[in-house]
Amino acid sequence: MLDKLKIPERNYLNNGHGLASWLLTKDHKRIAIMYLISISVMFFLGGLFAVGIRLELATPAGDFVQADTYNKFFTAHGVIMVFFFLIPSIPAVLGNFLIPPMIGAKDLAFPRINLLSLYIYWIGGIFTLYAMLSGGVDTGWTFYTPYSATGSNSNVVPVALGVFIAGFSSILTGLNFIVTIHRMRAPGMTWFRLPLFVWAHYATSLVQVLGTPVIAITIVMLGVERGLGFGIFDPTRGGDPVLFQHLFWFYSHPAVYIMILPALGVQSELISTFSRKTIFGYSFVAFSSLAIAVFGFIVWAHHMFVSGISTYAAMVFSFLSFSVAIPSAVKVFNWTATLYKGAISFETPMLYAYGFMGLFAIGGLTGLFLATLGMDIHLHDTYFVVAHFHYIMVGGAIMGYLGGLHFWWPKITGRMYSEFFSRISAILVFVGFNLTFFPQFVVGYLGMPRRYHAYPDEMQVLNVLSSAGASVLGLGYLLPVLYFLWSLKKGEVAGPNPWGASGLEWQMQSPPLTENFVEVPIVTHEAYEYEHVVAKEKHLV
Amino acid sequence: MKIFGIPIFPDQASTFAADVDALYFFILATCAFFAIGVAIAVIYFGIRYHKKHDGEIGARIEGSLPLELLWSVIPTIIAMVMFGWGASVFYHLRRPPAEAMHIYAVGKQWMWKFQHLEGQREINELHIPAGQPIKITISSEDVLHSLFFPAFRTKIDAIPGRYTELWFEAQKPGQYHIFCAEYCGTNHSGMIGTVTVLEPAAYQAWLQGGAIEGSLAQRGAKLFNDLACSTCHLETGQGRGPSLADIVGTTVSLQDGSSVLVDEAYLRESILNSQAKVVKGFQPLMPTFQGLISEENLVALIEHVKSLSPHAAPAAPAATPTPAPAGEKK
Amino acid sequence: MSNAVAHADDHGHAHAHHPALQHHFDTMAQQKEAAVVGMWVFLLTEILFFGGLFAAYMVYRIWYFDAFAEASRSLSLFWGGLNTAVLIGSSLTMAMAVRCAQTNKRSATVNWLILTMILGTVFLGVKVIEYADKFEHHHVPGYNFQWAAAHPSTSLGAGEAAAGAEHAAPGAGGAAAEPHRELALNADQLQLTTQIYFSLYFTMTGLHALHMIIGIGIMLVITRMAWQGKFDEEYYTPVEMAGLYWHFVDIVWIFLFPLLYLVERHV
Numbered sequence: 000m001l002d003k004l005k006i007p008e009r010n011y012l013n014n015g016h017g018l019a020s021w022l023l024t025k026d027h028k029r030i031a032i033m034y035l036i037s038i039s040v041m042f043f044l045g046g047l048f049a050v051g052i053r054l055e056l057a058t059p060a061g062d063f064v065q066a067d068t069y070n071k072f073f074t075a076h077g078v079i080m081v082f083f084f085l086i087p088s089i090p091a092v093l094g095n096f097l098i099p100p101m102i103g104a105k106d107l108a109f110p111r112i113n114l115l116s117l118y119i120y121w122i123g124g125i126f127t128l129y130a131m132l133s134g135g136v137d138t139g140w141t142f143y144t145p146y147s148a149t150g151s152n153s154n155v156v157p158v159a160l161g162v163f164i165a166g167f168s169s170i171l172t173g174l175n176f177i178v179t180i181h182r183m184r185a186p187g188m189t190w191f192r193l194p195l196f197v198w199a200h201y202a203t204s205l206v207q208v209l210g211t212p213v214i215a216i217t218i219v220m221l222g223v224e225r226g227l228g229f230g231i232f233d234p235t236r237g238g239d240p241v242l243f244q245h246l247f248w249f250y251s252h253p254a255v256y257i258m259i260l261p262a263l264g265v266q267s268e269l270i271s272t273f274s275r276k277t278i279f280g281y282s283f284v285a286f287s288s289l290a291i292a293v294f295g296f297i298v299w300a301h302h303m304f305v306s307g308i309s310t311y312a313a314m315v316f317s318f319l320s321f322s323v324a325i326p327s328a329v330k331v332f333n334w335t336a337t338l339y340k341g342a343i344s345f346e347t348p349m350l351y352a353y354g355f356m357g358l359f360a361i362g363g364l365t366g367l368f369l370a371t372l373g374m375d376i377h378l379h380d381t382y383f384v385v386a387h388f389h390y391i392m393v394g395g396a397i398m399g400y401l402g403g404l405h406f407w408w409p410k411i412t413g414r415m416y417s418e419f420f421s422r423i424s425a426i427l428v429f430v431g432f433n434l435t436f437f438p439q440f441v442v443g444y445l446g447m448p449r450r451y452h453a454y455p456d457e458m459q460v461l462n463v464l465s466s467a468g469a470s471v472l473g474l475g476y477l478l479p480v481l482y483f484l485w486s487l488k489k490g491e492v493a494g495p496n497p498w499g500a501s502g503l504e505w506q507m508q509s510p511p512l513t514e515n516f517v518e519v520p521i522v523t524h525e526a527y528e529y530e531h532v533v534a535k536e537k538h539l540v
Numbered sequence: 000m001k002i003f004g005i006p007i008f009p010d011q012a013s014t015f016a017a018d019v020d021a022l023y024f025f026i027l028a029t030c031a032f033f034a035i036g037v038a039i040a041v042i043y044f045g046i047r048y049h050k051k052h053d054g055e056i057g058a059r060i061e062g063s064l065p066l067e068l069l070w071s072v073i074p075t076i077i078a079m080v081m082f083g084w085g086a087s088v089f090y091h092l093r094r095p096p097a098e099a100m101h102i103y104a105v106g107k108q109w110m111w112k113f114q115h116l117e118g119q120r121e122i123n124e125l126h127i128p129a130g131q132p133i134k135i136t137i138s139s140e141d142v143l144h145s146l147f148f149p150a151f152r153t154k155i156d157a158i159p160g161r162y163t164e165l166w167f168e169a170q171k172p173g174q175y176h177i178f179c180a181e182y183c184g185t186n187h188s189g190m191i192g193t194v195t196v197l198e199p200a201a202y203q204a205w206l207q208g209g210a211i212e213g214s215l216a217q218r219g220a221k222l223f224n225d226l227a228c229s230t231c232h233l234e235t236g237q238g239r240g241p242s243l244a245d246i247v248g249t250t251v252s253l254q255d256g257s258s259v260l261v262d263e264a265y266l267r268e269s270i271l272n273s274q275a276k277v278v279k280g281f282q283p284l285m286p287t288f289q290g291l292i293s294e295e296n297l298v299a300l301i302e303h304v305k306s307l308s309p310h311a312a313p314a315a316p317a318a319t320p321t322p323a324p325a326g327e328k329k
Numbered sequence: 000m001s002n003a004v005a006h007a008d009d010h011g012h013a014h015a016h017h018p019a020l021q022h023h024f025d026t027m028a029q030q031k032e033a034a035v036v037g038m039w040v041f042l043l044t045e046i047l048f049f050g051g052l053f054a055a056y057m058v059y060r061i062w063y064f065d066a067f068a069e070a071s072r073s074l075s076l077f078w079g080g081l082n083t084a085v086l087i088g089s090s091l092t093m094a095m096a097v098r099c100a101q102t103n104k105r106s107a108t109v110n111w112l113i114l115t116m117i118l119g120t121v122f123l124g125v126k127v128i129e130y131a132d133k134f135e136h137h138h139v140p141g142y143n144f145q146w147a148a149a150h151p152s153t154s155l156g157a158g159e160a161a162a163g164a165e166h167a168a169p170g171a172g173g174a175a176a177e178p179h180r181e182l183a184l185n186a187d188q189l190q191l192t193t194q195i196y197f198s199l200y201f202t203m204t205g206l207h208a209l210h211m212i213i214g215i216g217i218m219l220v221i222t223r224m225a226w227q228g229k230f231d232e233e234y235y236t237p238v239e240m241a242g243l244y245w246h247f248v249d250i251v252w253i254f255l256f257p258l259l260y261l262v263e264r265h266v
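Sequence lines, in order, name chains A, B and C. Using numbering that gives the first Met the number 0, read the first sequence as starting at 0 and increasing by one per residue. Using numbering that gives the first Met the number 0, read the second sequence as starting at 0 and increasing by one per residue. Using numbering that gives the first Met the number 0, read the third sequence as starting at 0 and increasing by one per residue.
Looking at chain A on its own, in the form it has when it is part of the complex (with noise of 0.2 Å):
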């Protein structure tokens, strides 16, 4: 017979009251929190302008709002969708709370830069923010040259600027998980018993790390270019506009990686936990995640193949660019292998994790479309492309974030939200996303193209379709923060392991102390042991 269930009296949440020991904190659990509110802040806001666009789009004309407001409206969804949203995510949010515990550290290596990290993702936010406010910016979120240098009239170098600075947050995370995780894990933690949670966040540091670098010196050149004047990819002057393309894409498609990495780390974590077994292939996973990281750097040119590049480069990229596909494909098997014989039940994760394998699954899919060259020459820039990358981005990055949101609240708020609502919005989510972005195929295959705030009249019926699906869409994403929001006050105390779940984070206490641990742990079994899970229950009962 269990005790009913309390919040544990001391835990990282009470311990220091008032605004200064929240922005001054060097706990990696506040800090989370406080990534937490920011992007969700930063999701509403790309939200809207989403909103606007699909207004636009349910008609022909460009009736709704003139073409440069559209066209800011849809530089100001991607800029913060993108850098202010999604690369941040699950790092930030639930790679900063729980790297730690699951590799069984007090805190993350260097907890002042985390916080530094956070400061600077503020900073970066602002001046983009301002930038949009003070009149916006209508050069796409990739920024292209000459438009963006010479072309555009708009606040290119505010948020430019904004994001060269969110940049160094997200390298200083990339860098502080390295070093935690290469020198931080307790005693009989190796390697190989890591939860691929933290494998999925190694990699994507590693491309953290490595890759946006060259977007901010990218920005720089873009800067000094519009701003002072000099002539790097000035076709005039003799320089190349293409050059600021290669440089741009170095970076973005990696980054692309930053965005789905740990999505896949999470649904690892998921697909286990509710079938109560143990990920299936688990080298293969962990090491799909590297190759993933390493194939992410050699592909960037698959965005250009009609840029004018030579047919011999195009080859090139295209051939590589299907190695990606193989670890991805890896992964999806091996999730499927993992149910089979399990003990599965549907808790809205793993509704989640459901919906995350069919939407990756198709996303991944069609950027088969994409690589394929006699294939893309017809697709490039039209909303085929739109649609592919939502669905990994929406369909893939942000199912994974709020199955994982769903999965960890109870260890983060020590409070269980409601089951009912919950499902209702994962269903909603579901629905909502097909029919937002399937159309979206059909009518890019038929050559709307990407940008457009008109088109043809005989392309309504499936804009339309693509409309009403973003109402749903978002009506599943406003539900949760009412019922979580909810649940911080009413809902059900969760105790330390209502899942019963594997991972060292689950030992400790809902919401956990300050320190995590009270006693470091020490491992002695392999990841993803239920037996063990299931031992330890039955000691507390």
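Keep in mind the hints are simulated off the structure, nothing from the lab. Quick reminder that beta carbons are idealized off the backbone N, C-alpha and C, glycines included. You may find that some hints are simply not true.
Said to hold, decoys possible - The calculated label-pair distances, taken between Cβ atoms and stated as ranges, are: (1) C/Leu76 x B/Gly290: 28 to 36 Å; (2) C/Ile46 x B/Ile7: 19 to 27 Å; (3) B/Gly290 x C/Ile250: 39 to 47 Å; (4) A/Ala57 x B/Lys1: 19 to 27 Å; (5) C/Ala94 x A/Lys5: 54 to 62 Å; (6) B/Ile39 x A/Leu487: 37 to 45 Å; (7) A/Glu525 x B/Leu69: 20 to 28 Å; (8) B/Glu268 x C/Ile250: 36 to 44 Å; (9) C/Trp39 x B/Lys279: 51 to 59 Å.
Since chain A is already given, all that's left is putting chains B and C on it; use the hints.
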């Protein structure tokens, strides 16, 4: 193709559209196979292995090397097939046939300007004959644009300072979309037009109705004089610059010992960056016209020079031997 | 693989530990290793950061070699060489500072650090001289840039290098200090393409100078800590880490110098 009146598939209006679509359906079928396969598996397992009682855990199965190899190798092979097929379609899309009819296009914010060799100039409209390969050479006057014909399944970016090209052969007479497919500012979505494919006879009729200013090459000849090219490039070859007669398609030796093929790119470079590749035996005296000549005039000049090499390049316009305006044949 | 000592029980202060040991680490050794790995990862990001500029440089140098050669020859070998010597010297003084910190020699450490900062400041001063010279000669892109006009190191003087000379005799248009071969670009083309060289020159050396300024700032902090006696044999990590950063900035210059100053120079 339409379902309940809603278009869901574009017209196949070019000779290679069907090739592209075949590739598309192959990839679609493969992807559908895997996506549906995984979906069925996870749903089936979710039902079959649903947890039956509290405390139940799954079987201890750690992995299987043969399975890992199977599902790495098979996707790799499929990927290679996709790559190979796609590369071959791509190669075809990027190699205009020798007999392609030549058209010039210039993208500028926010319109497409097309120029036929016979002199017609069109804005946001393009009239072409069916059954004739067409090669379009494209440049931009300002920022990046991209010329996209969805019904033909091809596009290429328009880059300032450079020429790019695409080709197609339209089969079905009709009207199809032209789009700009690279974001270029305020009126990017207004930079659209219509390509009208006509039966060859109708195309000839349309041609007759148009040309007022004379052919592109004739305009170029006028420019050749106005810009004083004729003062150095004497036909005799005794001028300060080499004679341009019969020069196109030949290989000339340069001052530094290397040699170069005289094609449109070399002609363009010589006009804009005259000191770069000077012909052997001549002084580097030619001024540059960078910034002094518009894209349209540049193209007219090049056409004029090409017209001085009547036996050279292969590209002949539509086979009907109409007299002027297409006076200088190629 | 962890070096963490298994204090399975308490983490309290029952045993004395070094005052600089942060509480999320178990030992000084672990803390130092974390700092070292962290600093090397950071330097890796810096390599990628400068790398983008080096990539752009590489592309344009191949395309416009003559412009790069001409422009490079207009830079002062004296000042560039002096700066190289100054920076290498400052790396020596930095290494001495680390050694002294390691052997617990407080005032020697402070002195070597001060010397390093002085040399760093000399470097920056020379850069000011060079930049001022560029402004005078209109070699700043986007700001009244004129290549052909005032050419500093040519013996032909300003009048010869006639701006916009249409039919200039070979060599005069891009009047090099050592006109030993004919150039493929004339005055107008050089006007365009040398701008690219100077855009890269200012961006690369400017970014490098910014890193120097930050480095000197870091040195100030480290010097103060040394003066306050915060370092000993067991804990001199900040000095060592600052040293790594300083050496890195030095190495970047060692690449910049030949790439920017020594293009087709003949003694």
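Checked hints:
In this structure, C/Leu76 and B/Gly290 meet the distance hint of 28 to 36 Å, their C-beta atoms being roughly 34 Å apart. Checked against the hint of 19 to 27 Å, the C-beta distance between C/Ile46 and B/Ile7 comes to roughly 50 Å, which is inconsistent with it. Hint check: B/Gly290 to C/Ile250, Cβ distance near 41 Å, so the stated range 39 to 47 Å holds. About 21 Å separates the C-beta atoms of A/Ala57 and B/Lys1, a value consistent with the hinted range of 19 to 27 Å.
Evaluation of the 54 to 62 Å hint for C/Ala94 and A/Lys5 yields a pass: the beta carbon distance comes to about 59 Å. The given range of 37 to 45 Å is respected by B/Ile39 and A/Leu487, whose C-beta atoms sit roughly 40 Å from each other. Between A/Glu525 and B/Leu69, the C-beta spacing of about 25 Å keeps the proposed range 20 to 28 Å intact. Hint check: B/Glu268 to C/Ile250, Cβ distance near 39 Å, so the stated range 36 to 44 Å holds.
Distance hint check for C/Trp39 and B/Lys279: the Cβ-Cβ separation is about 55 Å, which falls inside the suggested range of 51 to 59 Å.
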